[in-house]
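Participant: Listed below, chain by chain, are the residues.
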Amino acid sequence: MRSMTGRRLVLLMVCCGGALAPRQGAAQARGNTLRQAQDAYDALDFSRAAVLARRALTERLSAADQTHAYELLGFSYSAIDSQVKAVDAFKQTILLDPDHQLDPNKVSPKITSLFYSALGQVLVVRQLRVDSARFVSGQGAVPIRFTVTSPARIRVRAVNANTSLAVDSAVGTGQYTMRWPAQLPAGGPVSAGTWLLIVDATAAQTTFSASQAVSVSYGTVDTLPHLTSLPGYKELPEIEYPPPSWRPLGLSFLLASGAAVGAYTLNNSALGSPPTRELTVAASAALLTGLIMTLRKPAPRPAEANIRYNRLLHEQLSRRNAEIATENARRRQQVMLAIVPLPRETATR
Amino acid sequence: MSRVCLVVLVAGVWAAPAGAQHASVGAAFVFADYREVSQDLRYQGVGPGVIARLSFHSISFEGGAAWLDMSPHGGLATSGFQAVQLDGWLRWKAADYLSFEAGLTHQAPDNEFAAQSFGAVRIGALTQYPLGHGATIALRGDYLGGAHFSGGGEAPLALELGLIVNWAFSSHVTALVDYAFQRLDRTTHPGGGAETAAPLEQSRGRMGLVIGF
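Chains A and B, in that order, give the protein sequences.
Residues in the first sequence are numbered consecutively from 1, following our numbering.
Residues in the second sequence are numbered consecutively from 1001, following our numbering.
Because the hints were derived from the structure by calculation, they are not lab data.
Using N, Cα and C, we set each Cβ at its ideal position, and we do this for glycine too.
Okay, derived cross-link-like pairs now, SDA-like style, lysine to any residue, Cα gap no bigger than 25 angstroms in a straight line:
{"#": "1", "chain 1": "A", "residue 1": "297", "chain 2": "B", "residue 2": "1097"}
{"#": "2", "chain 1": "A", "residue 1": "297", "chain 2": "B", "residue 2": "1169"}
{"#": "3", "chain 1": "A", "residue 1": "297", "chain 2": "B", "residue 2": "1173"}
{"#": "4", "chain 1": "B", "residue 1": "1093", "chain 2": "A", "residue 2": "254"}
{"#": "5", "chain 1": "B", "residue 1": "1093", "chain 2": "B", "residue 2": "1130"}
{"#": "6", "chain 1": "A", "residue 1": "297", "chain 2": "B", "residue 2": "1166"}
{"#": "7", "chain 1": "B", "residue 1": "1093", "chain 2": "A", "residue 2": "239"}
{"#": "8", "chain 1": "B", "residue 1": "1093", "chain 2": "A", "residue 2": "262"}
{"#": "9", "chain 1": "A", "residue 1": "297", "chain 2": "B", "residue 2": "1171"}
{"#": "10", "chain 1": "A", "residue 1": "297", "chain 2": "B", "residue 2": "1168"}
{"#": "11", "chain 1": "A", "residue 1": "106", "chain 2": "A", "residue 2": "126"}
{"#": "12", "chain 1": "A", "residue 1": "297", "chain 2": "B", "residue 2": "1175"}
{"#": "13", "chain 1": "A", "residue 1": "85", "chain 2": "A", "residue 2": "47"}
{"#": "14", "chain 1": "A", "residue 1": "85", "chain 2": "A", "residue 2": "65"}
{"#": "15", "chain 1": "A", "residue 1": "91", "chain 2": "A", "residue 2": "64"}
{"#": "16", "chain 1": "B", "residue 1": "1093", "chain 2": "A", "residue 2": "301"}
{"#": "17", "chain 1": "A", "residue 1": "297", "chain 2": "B", "residue 2": "1138"}
{"#": "18", "chain 1": "A", "residue 1": "297", "chain 2": "B", "residue 2": "1172"}
{"#": "19", "chain 1": "A", "residue 1": "297", "chain 2": "B", "residue 2": "1128"}
{"#": "20", "chain 1": "A", "residue 1": "297", "chain 2": "B", "residue 2": "1136"}
{"#": "21", "chain 1": "A", "residue 1": "234", "chain 2": "A", "residue 2": "320"}
{"#": "22", "chain 1": "B", "residue 1": "1093", "chain 2": "A", "residue 2": "253"}
{"#": "23", "chain 1": "A", "residue 1": "297", "chain 2": "B", "residue 2": "1167"}
{"#": "24", "chain 1": "B", "residue 1": "1093", "chain 2": "A", "residue 2": "308"}
{"#": "25", "chain 1": "B", "residue 1": "1093", "chain 2": "A", "residue 2": "300"}
{"#": "26", "chain 1": "A", "residue 1": "297", "chain 2": "A", "residue 2": "307"}
{"#": "27", "chain 1": "A", "residue 1": "110", "chain 2": "A", "residue 2": "147"}
{"#": "28", "chain 1": "A", "residue 1": "297", "chain 2": "B", "residue 2": "1133"}
{"#": "29", "chain 1": "A", "residue 1": "297", "chain 2": "B", "residue 2": "1130"}
{"#": "30", "chain 1": "A", "residue 1": "234", "chain 2": "A", "residue 2": "304"}
{"#": "31", "chain 1": "A", "residue 1": "91", "chain 2": "A", "residue 2": "175"}
{"#": "32", "chain 1": "A", "residue 1": "91", "chain 2": "A", "residue 2": "212"}
{"#": "33", "chain 1": "B", "residue 1": "1093", "chain 2": "A", "residue 2": "299"}
Covered stretches of chain B, as calculated for chain A (at least 3 residues, CB under 8 angstroms):
{"#": "34", "segment": "1038-1050"}
{"#": "35", "segment": "1133-1147"}
{"#": "36", "segment": "1157-1166"}
{"#": "37", "segment": "1193-1202"}
Counterexamples of contact, computed for chain B against chain A with all Cβ distances above 10 angstroms:
{"#": "38", "residue": "1021"}
{"#": "39", "residue": "1023"}
{"#": "40", "residue": "1053"}
Looking at chain B on its own, in the form it has when it is part of the complex:
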């Protein structure tokens, strides 16, 4: 079903008039902070990332991937991990200042003993404003639903907040800085026993440059 949707989406983009389409790709420098269970399991890291954007009419898609090298930071953790962070957003611009978005977020560490692998579906809204000369600023908020974790458990309360600054220097070159903060109130039932809180929190910054064509 998802493949069919993807094919329909790609066909729609391909069939749209050239003037209504805009595609861009770019690279980013990503830096993140990850915490889990308690303040003693805290990691910080940086890494490269890629960005892809596609828009036609009032629909836009943005996808990003980052390869983070996370290291323990001021806690009891002794070893770091490598993580692949994947994000995707499908946005519909409902008004000049308001868009609705849906998408996915997924983090996959190479060492699941060090950090959780988790994924969720995001649904939210974004408000955006032009600052002039091609610059825009946006604030977004999402609910992260259907979260699943490699270590089990569930997160009935999972929210995401984001701040995005774009500055299009020309019709082809855009600089971006964005920030995302995720809070997932994960709970588990170790050994089938009582519910135990095992919250996760991730803060991620991204600075990048995308080239449009």
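Chain A extracted, bound-state conformation:
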């Protein structure tokens, strides 16, 4: 009966995920024992696979092969229902490669759950990621993302050759995003060069550290160009030509008539008829001038509304350029920091 139950479980494992066990193309490079363990697993001989995997771990293996051997061991124990041993094997896998992940599309939920069970039993800092960032010193920060698998006290530091800066700290577990402003305590930007961002997770007597090297370089902050015109606004012509009119001749006629009427009215009859020579000359000159001005193309005249509009436009432009000059003076004193992550350092325990 027990044997039947075991076979059913094996068949179940095969159906659920055993067939999806890892097949690495680089198996040829591994030791024979590890390859035999993989072959046994592929042949659904999980007990033999576990034995061979354990034997392989006694041999000299690379870190990647060690990780693979523990993973194969975890899979095999999972298949033969040795859950405690499976979790232990996965714990070793995680400690060797904290960022190790199982593909839920290829691995059975049972194995995946055991893997996550192992994750909760070890303290590691996983998936430490530092984004590339470019910002003005004091006006931005570079995000640091990581996951802590068990409750721990977390400290993030930035370290270079002779400086160690505390970035942030927390207590807890799960995913974190901390921000590094890349500033010294005095407020200035950190020195250019290579910095190491270290995440320390401490729980009881266990400590795990993960680090990521980043390159910090200085740049100048772009200044704003001065404006020659306000976008969307253009100057209006300050001179306009009025339409032709008879106004000049009319005005001349009106005023010359006024002078004539006035002279005739003012004339003292006791002194005879009013003198006409002077009046005729002046009135003729006035009418002739009025006629010429009427026939000529009207003289351009200032367009007062446009002049006021342009003056406002110039004032706005001057004000905006003054603001730009002030902003540029400020920007010239600023430093643009470019932070780029370098190839990842390995975790230490």
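Position chain B against the provided structure of chain A, taking the given hints into account.
Facilitator: Structure of chain B alone, referenced to chain A:
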């Protein structure tokens, strides 16, 4: 007092920004008609004249002098006379179309038996309009107050009317034609007797060219 005012005026003009100042001088051909007492004493004449203008901001000054050679014209007068005609205007442009003015007028004939020497203070207003291309036309009217005559008498009613045409060909050259008609209802008391009317009338035309700088 008048000297102090003149000094203050000149100092004000001198201190004004160059862009606000405009000064010009020119020459004119003056022709005039003068009548006195009755239509039998009538003279006409011509002569050269000079013009000076000074303006700053809304204040302007214009002065003119003319040397007229007056001859009898269709009356009983038998001899002519030489006359110096002096005029001055101080104007304040109160609005685009309106200025107020004050000034002096004075005529001094060389033969006071032929014509009266007289002078008066003028106070009045001037309305002016642009015609385009630097041309302006203005009509002015003044009261001539405080008139005094070499032959005595007074003129409680004394008025002046004027028509002025200016055409600035450029910022430096301006042509002008103006006309002035003066009526002075002079009365006298010969021998301390009854009041006698001795009116004066003068009509003057002027054509000139002024150069600004």
